[in-house]
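Assembly of the complex is requested from the two constituent chains, each provided in isolation within its own frame, with the hints serving as guidance.
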Amino acid sequence: MRQNWWKWLGAILLAYVIIGGLILPLKTGITGVRLANSSSFEMESGVETKVEADFYNFGDHFEVNKVLLKNDSFLFNAHQISWNPDGTLTATFLPKMGTRNESTVLYTLYCQSKNKWMAFPMALSIRKGVADTIPVAADTLMKTAIDANPDLLKGFPDRPILNESIRNLLYHVPMWFSMIFLLSLAAWYAVKYLRTGNIDHDLRSDSLIRIGILAGILGCITGMVWARITWNTWWPRDPKLNGVAIGMLMYFAYLLLRAGIRDDHQKARVGAVYNLFVFPIFIALIIIMPKLAGDSLHPGAGGTVTFKQYDLDNTLRKFFYPAVIGWILLYTWVASLLYRYRKIEYKISEENAE
Amino acid sequence: MKRIFLTLIIALSLACDLSAASAAELIRGNAKFNAVVIVLGIIFIGIILFLVRLDKKVSRLEKKEDMKS
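Note that the protein sequences, when read in sequence, are chains A and B.
Note that this note's numbering has the first sequence beginning at 333, numbered continuously upward.
Note that this note's numbering has the second sequence beginning at 834, numbered continuously upward.
Take these hints with a grain of salt, some might be off.
To give an idea of the chain A side of the interface with chain B (calculated C-beta under 8 Å), a few residues [said to hold, decoys possible]:
#1 550
#2 553
#3 554
#4 676
Hint data in this document are derived by calculation from the structure and do not stem from the laboratory.
We put the beta carbon where it would ideally sit given N, CA and C, even for glycine.
Here chain B stands alone, though its shape is the one from the complex (with noise of 0.2 Å):
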């Protein structure tokens, strides 16, 4: 979990600083789109981990209540 956090947010900030390299078509607006896709990719991220979370956690109760059985 905390591996997947870490490259997440080294890879954030490099994808931010390429982004945002070029001035000149900063200015133009063009390069801004860019910061959509980012804001759009973190919270799928964020979300799908969460839901990765507690799979894994409805996976430990079932395997629990084999066990019992």
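Excised from the complex, chain A in its bound form (with noise of 0.2 Å):
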């Protein structure tokens, strides 16, 4: 029991996360954006024009007291709202755009429910005209107010696109943390393999990178899934994708290199001096080359090291730390199994060979 502190440490970790993360709701958010009666989202300068909007898990005393469009220079108050009977909510705006503004600009759509600001990126455009420009320094105060944006609601957030399957945060993601966490611990036993010669070492580092392939894979295929949904393809174009499956390649090869050799310490020996050449390649190619690469539909991507805020809201990240360790502890779980039958295996061969 003492011993096992960390697998009920895992399993209590998970059941939290698996229960919370399927039963918590999403916070009321915009779903979509465009302009009433017509199928175009550019809006002309100094025309009025009125923007229909369509709201997500909206309770009874939901109201909408502030819509805006703003971007990183402008900002436009809508000047009269009202709701339509099918729930959707209709804006009235008249951009006015100077000439300062050399092109069409993308703006992002806020409301204001009570303290709280939504938000739907890249909802509109306005195309340039001849009227007054809106000077930057007017809106600063309203924008600190947005870029607060005060966590009031309790819920995951709710992002276009992604919407309720966010939670496959939880579900998806510690998938390639448990898969990276098992091969470094993997090239960490190979290391000692090779130092000491001892066959143990090297039988936890393989089942270690057996069941790291396992979670490579299950991490494939729910992405995989993941991606149907939302974005309707089986494998987007996303540099993060096709590393990982070079990646997983590499790690194919491993497996085959060791059935091919029949004498165990030479096996470990090969398996351990190619995992250790394979690791930082694999390492290279799933977090470094995405990162060069620009744009993906993973974060972390292009720019940013850390998890950017706009990631990961604070009840996010409620549950997915304990989700990365919950799932790394079982994997490591799993792991020990598949070491400790091997062990067994080994020791009876072992015997049988006397």
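Pasting the structure below:
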């Protein structure tokens, strides 16, 4: 019992993450923005335009007291807000763009409900006109109010495209964290084996790699399903996916290499050397290359090293970190089962040889 | 083993197509909860499949030991 505390910890964390992750509702959010009576997303400067917005998960006492369109330089207030019978909101804008603005620019739509701001990024664009420019300084106060974004309501954030599937952050992402953790541990044991020649270290290293590959395969399949339902394709164009595919192939080659050698010690030595050779390449492929490549569906690519505030809000954080720890502990547990089996098997085969 | 994987893959693609069927629901965001359920199911099945395989291996080892003694 005392030695097994980490298994219990893993089980409890996972129970918390799975139950909480499925039960907690999404916060009220904007799911769609469009021009009323038109399929276009472009507004004309100086023309009064009606904009329709869809909301998700709003309750009985939900009200919107301010709607604005904003980007880094400009801000427009809706001068009229009304609710439609079907639950959508109509806001009327009179955008005025100055000559300072050369082309059409994308705007984020913000709605204020009580003290809380909801945002729908890249909602609409406004084509340049000849009317007055609103100076940047005028909206500084508003900007800080929005960026502070007080987290008053409980629930997961509602992001465009992701919506309910944002919960997958707790199940799909930790697969990769676990895989990287197990493979690093395997590399550590490979070093230990090469230094001591103790076959026990090799058994540990090999078991960890096998379970790491299992986590990787599960991460791949779950990622594909997620992409199919949200982006409508099994394999989006993303440097992270292709890097992982190559990395997985390298570890499959490790399995083949080991299967091809009969002598136990030679198998262990070649396996450990290959493992140490492959591990840095794998890390480069899944962490460094996507960062250099830029655009990616995954957070942490192209610029940011850690999670941006936009990627992970405080509610999600309370579940995400336990999820990562819980899944890592579960996979380590599974790997330890495989290791214990392999050890007994090895002992028996040694006895038989004598 | 192969048959299990094949049925799994077919069931999976069916489930995804079904859940992606209604475009209106997809825009509103309700249908995407299915993605979470499918993902959790896949992880569960994956780990269980591994445990079943390990179980079989252990049984084989036990049988071998019994034969020896």
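Hints versus structure:
no. : hint : in the structure
1   : 550  : 4 Å, holds
2   : 553  : 5 Å, holds
3   : 554  : 4 Å, holds
4   : 676  : 7 Å, holds
Hint check: no violations occur; every hint is consistent with the structure.
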